[in-house]
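> Here's the letter readout for the chains.
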Amino acid sequence: MQKVKIFGMCLLVFFLALALMTPAVWAAEEYKVTVMDLREHKGLFDDPRPYLKTLSYKKILPPEVYARLTYDVEAMKKLWAEIVGFRALDVVGKIAPEIKPGTYTYKDKERYPELKELMTQDYYKRFNPGAPPFAGNFPEIKIVPTRQYYYALPIAEATKKNMGKTKLDDKGLIREETYMAGHPFPRPSGKFKANQIIYNWLKRYWGWDSQYLIQDSKGFAGSLREDNSQTAEGWMVRFKGRLTIEPYGWFDERAQNLGEDRIFNYKFLGPRDMFGNVITSLKYLGADKFDRMMLYVNVLRRVRVMSATDLQDVVGGADTIYADSEIFSQKLSATQFPYKCEVIAEREYLLPVTPLDGSGYMSSKGLELRDYEWERRPVYVVKMTQLDKNFVYSKRILYIDKETFMLHFVENYDQKGRLYRTSESISSFIPEMGMFIYGDNLCRDHVDKHSSWVRTFFTPAPWINRKHISVRGLFVKGK
Amino acid sequence: MNTQRLYGFVVVAVLAVALMVQPVMAKQFTVGGRTLNLFGYLTQGVAFSMHDDDYYDTEKGLQAALFNLHLEGDYTFTDDLKFYGAGMLSVDWVYDMKHDDRSWNDKLFTDSRDNLYIDDEYWQLLKEAHFTWTPSDFMFRVGKQIVAWGETDGFRLMDQINPLDQRRGMADVEFETSIIPIWLVRAEYFPEISTSWLQDLGFEFIFNPNADFIANQGIALGNDVGGIWAPNVMIPLAPGLDAHMGSADMAIKEPDTWDSDGYEYGFRIKAVIKDAFITLNYFDGLDNDPVLKMAAAPPGIGMASDGMMIIHPKMEGYYPDFRVAGATFSRGITPLRASFLGDVAPVLRLEAFYGFDNTFATSLNTFEKSDEFRWAIGIDWKVKIPWLNPRAYFSISPQFYHRKILDYPSGYEFSNLEDDNYMTTLMINTSYFHNKLVPLFFWMSDLTNDADMYKLQLTYDYSNVWHYTLGALILNGEEPGKSFHVFENKDYLYFKISYKWG
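Top line first, the protein sequences correspond to chains C and Y.
Heads up, the first sequence is in our numbering, so the first residue is 1 and it goes up one at a time.
Heads up, the second sequence is in our numbering, so the first residue is 1001 and it goes up one at a time.
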């Protein structure tokens, strides 16, 4: 016993000494925007402040980091138009040309019946004052001229360089060994056009290769009573196809050896029962390789392995299932809930976008969307028909931007053909960085009559390393 | 507990609650440029006996009115240094409400007031207080904390570091009220890994310097100490003549504060290998439960209100050495997923340890040592049963536990243990109305002693802050004086309101 005691003390001393002797490159400065910072610049409701100007990346990031992540705007515009073959503003205006930029109220629907053709059915129905059972109506819209959107130069250059190299197999599933970086199919075509469009989304560059995020959200019952409130922070890393933050290409050798695609660690900061819960979700490349999910459970003070096959259950209290994290992230697979994918329309729609200054907001009264801008956007409408009757959804309809491959809106239908859940992303765009960030997100459960309103802010974070996203992160960040 | 102190506690509790519900008490503050998070909850529960018969070991009608006020907060000084603190105030108002109740007094429940009315020991009021420093690949946590090992729920295998507070029995208790944080030093090292098979690795070292020895707070014998949860143990004195086992006069030797006899060490290796979470564990310390035997002195004798005698035994004991080495394993078993069940693969949890020379009390009123082996297996499986719940899954979690005493004697027994001891548990829950309504069923079966515990519960989350719980606990057993049989008269209904902020 005495010897064990001595050994134990020595071990403790050893660890301490090792820590103190470790070179002082412990971690690069962890600059980040916290939930408090975000709320100081933009409340979740009734706040029209232009937070993307007051909380700009130029102010947040160290100058050298900001400089590395900004590019020549004209060069980005030119290159991206060359890659996709068009600019959005040149291909819209064909449907309901009478609808010009300007401000319209819901009362104008009678005066301008063409609006019905220009908007999706869901948006047209919501073009009204706020009322139960859902958040997200809007009594007024401000139509602005269609903008050209583009991507950061490294993303565009990689997309161009790898154009034509990414292949699908005979089932329309990506052959991961042929994909390197960038958007794999910038000009979708052929038999598996729909699959290509979906892969452009699944391989998206939504934020940076390493990023820290904060999230602020509220949930509402059908009466529009607030019944849920959550805040969280997270660390996300893209392992393959890194273009904006070093290391470029693969994150490290381990990621390449293990076929790791992406990971996020997500820590709940509130409500009280959730505080200190930390989820880590590791996605692997390969259609049929199951992801890994682990959870630090605050009440148990333990790490629990979760079943990563748990795609269909609702994420606690939210209006989305695990397969629909980031609106839609279910892998295409021939064996696990396969889909038949088809493009059912290519046309323009009037869709909400976040103003470049971030001034759009939701009102607390009626939960109305206010001050967002509406643009005509060229859109692929992709229908995904689920071939396995045991999946929660029978089909999904995705509205994916033709110019950017960003997913605007998803409609999910249950096995009875009823509209079950919808999710829409009103992303923010940072022009000088050529980057979309999460922005605002509205999810609705049409069967249970419930809505969730979420604001997410990304901070590019070169300082993230394995220690933030590994199992260590669970124990360190957990309660 | 004198009246002044009581009023003081009540004032503090009311003030804390009043402040917490004010808009100014936001859950997050910025202090020195850093975020301070403050959270808390208060709960008020009531428990009612399900028995109409007047048993000596239970009280008809209202049995408990437990109030908990829990406050917690954390503050991050730097990216690598943070502090977490939590406090708890627990008050069982039934001692005030039944102060003049004749039955409550006759059955001596009122005498358990000192033990169960207000939890006012410092270590009960101050739950956790620790600093966490995470330089580079290390983590150091120093202070009053919880370290939870193991994979099983409901029974403890590897999870031996922190003592438990079970004075209030198997009631509807919160996690924060049942685990007792203790003063520990925890050091962890997570080296960088880049192999194709080993995905994560961590080394954990725990040291308990015995700053304050706190043992398991178990259910006490005798209504006058154990209160409403005191077990119903009958002592046969003669044919047709039994006596109640009453509160015991305990002389238990425990290590002095800072005494090295109370030092404890734990060492754990944690790894993720091919998506399985695996740990190897070693613990060398003291058992959180004492071993007890009858002392030489004769027992005390009393009379119960039902006319039977009460025997107050005199017992002596100590906290023996407890040394174990074990392992845990957890992984999703993806080949077992079935589309018609919702396509979720079950997660398998395995846990086992080997105990070296653990000490047991015997039926000969002696102490003996024996090695032992404990293991458990559990499954967590989410399945879809559309006709019962078309929208959400059912979580089904069965567990099986076996405890084998390797040098079990013949001719006499180890107290309350066979050479092979088996238990199972089963938990099932789901949710309705968008996670607002959560029914839960929990069953624990002591197979060795043919005894069962059933818990049925319904929780309604009106909002993030208001929660309501209604439940029932039912216990029975076939072996007199063993396992849940001693709690057979304690079936009760409970209702709890919770207000949570932050």
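In case anyone wonders, no lab produced these hints; they're calculated from the structure.
Hints may be right or wrong, so weigh each one.
[Said to hold, decoys possible] Heads up, simulated DSSO-like pairs for lysine-lysine below, C-alpha to C-alpha not over 30 Å straight-line: (1) Y:Lys1274 x C:Lys289; (2) C:Lys58 x Y:Lys1082; (3) C:Lys365 x Y:Lys1274; (4) C:Lys77 x C:Lys165; (5) Y:Lys1274 x C:Lys479; (6) Y:Lys1082 x C:Lys59; (7) C:Lys479 x Y:Lys1082; (8) C:Lys167 x C:Lys53; (9) Y:Lys1436 x C:Lys449; (10) C:Lys240 x Y:Lys1274; (11) Y:Lys1314 x C:Lys479; (12) C:Lys32 x Y:Lys1082; (13) Y:Lys1455 x C:Lys467; (14) C:Lys479 x Y:Lys1455; (15) C:Lys125 x Y:Lys1436; (16) C:Lys53 x Y:Lys1027; (17) C:Lys59 x Y:Lys1436; (18) Y:Lys1274 x C:Lys449; (19) C:Lys467 x Y:Lys1082; (20) Y:Lys1027 x C:Lys171; (21) Y:Lys1027 x Y:Lys1082; (22) C:Lys365 x Y:Lys1098; (23) C:Lys479 x Y:Lys1436; (24) C:Lys479 x Y:Lys1500; (25) C:Lys467 x Y:Lys1027; (26) C:Lys167 x Y:Lys1274.
Keep in mind it's a predicted model, so treat the numbers as computed, not measured.
> With reference to the structure, classify each hint as holding or not holding.
Comparing the hints with the structure gives:
Restraint check for Y:Lys1274 and C:Lys289: satisfied, since their Cα atoms lie roughly 12 Å apart, inside the 30 Å limit. A threshold of 30 Å between alpha carbons decides the hint, and for C:Lys58 with Y:Lys1082 the separation of about 29 Å falls inside it, so the pair holds. Taking the CA atoms of C:Lys365 and Y:Lys1274, the gap is about 51 Å. The hint is violated against a cut of 30 Å. With a CA separation close to 23 Å, the supplied pair C:Lys77 and C:Lys165 stays within the 30 Å bound.
Straight-line distance between C-alpha atoms of Y:Lys1274 and C:Lys479 comes to about 26 Å, which keeps the hinted pair within the 30 Å bound. Pair hint Y:Lys1082 plus C:Lys59 holds up; C-alpha atoms about 26 Å apart against a cutoff of 30 Å. This hinted pair checks out: C:Lys479 and Y:Lys1082 have alpha carbons roughly 11 Å apart, not beyond 30 Å. Note on C:Lys167 and C:Lys53: the hinted pairing is violated, with a Cα-Cα distance of about 41 Å set against a maximum of 30 Å.
Note on Y:Lys1436 and C:Lys449: the hinted pairing holds, with a Cα-Cα distance of about 13 Å set against a maximum of 30 Å. Taken as a hint, the C:Lys240 and Y:Lys1274 pair is honoured in the structure, with Cα atoms around 20 Å apart against an allowance of 30 Å. Our distance criterion of 30 Å between C-alpha atoms is broken by Y:Lys1314 and C:Lys479, whose separation comes to about 42 Å. Among the hinted pairs, C:Lys32 with Y:Lys1082 is consistent with the structure: their alpha-carbon atoms are about 17 Å apart, no more than 30 Å.
In summary, the hint linking Y:Lys1455 to C:Lys467 is not supported, as the alpha carbons are separated by about 41 Å, beyond the 30 Å threshold. Among the hinted pairs, C:Lys479 with Y:Lys1455 is consistent with the structure: their alpha-carbon atoms are about 28 Å apart, no more than 30 Å. Distance hint between C:Lys125 and Y:Lys1436 is fulfilled; the C-alpha atoms sit about 28 Å from each other, no more than 30 Å. Between the alpha carbons of C:Lys53 and Y:Lys1027 the distance comes to roughly 27 Å, so the proposed pair stays at or under 30 Å and holds.
Between C:Lys59 and Y:Lys1436, the direct Cα distance comes to roughly 42 Å. Violation of the 30 Å bound is thereby established for this hinted pair. Using a Cα cut-off of 30 Å, the hinted pair Y:Lys1274 and C:Lys449 is violated, with the two alpha carbons roughly 41 Å apart. For the given pair, C:Lys467 sits about 17 Å from Y:Lys1082 by alpha-carbon distance, which is consistent with the 30 Å threshold. Restraint check: the Cα-Cα separation between Y:Lys1027 and C:Lys171 comes to about 51 Å, which exceeds 30 Å; the hinted pair is violated.
About 17 Å separates the Cα atoms of Y:Lys1027 and Y:Lys1082, which keeps this hinted pair within 30 Å; it holds. Proposed proximity of C:Lys365 and Y:Lys1098 is contradicted: the alpha carbons are some 48 Å apart, above 30 Å. A C-alpha spacing of about 25 Å is found between C:Lys479 and Y:Lys1436, which places the hinted pair at or below 30 Å, so the restraint holds. For the hint linking C:Lys479 to Y:Lys1500, the alpha-carbon distance of about 17 Å falls within 30 Å, and the restraint holds.
Proximity of C:Lys467 to Y:Lys1027 is assessed by CA-CA distance (about 28 Å); at most 30 Å being required, the pair is judged to hold. With a C-alpha separation of about 28 Å, the suggested pair C:Lys167 and Y:Lys1274 falls inside the 30 Å cut-off, and the hint holds.
Comparing the model with each numbered hint stated earlier shows that hints 3, 8, 11, 13, 17, 18, 20, 22 do not hold.
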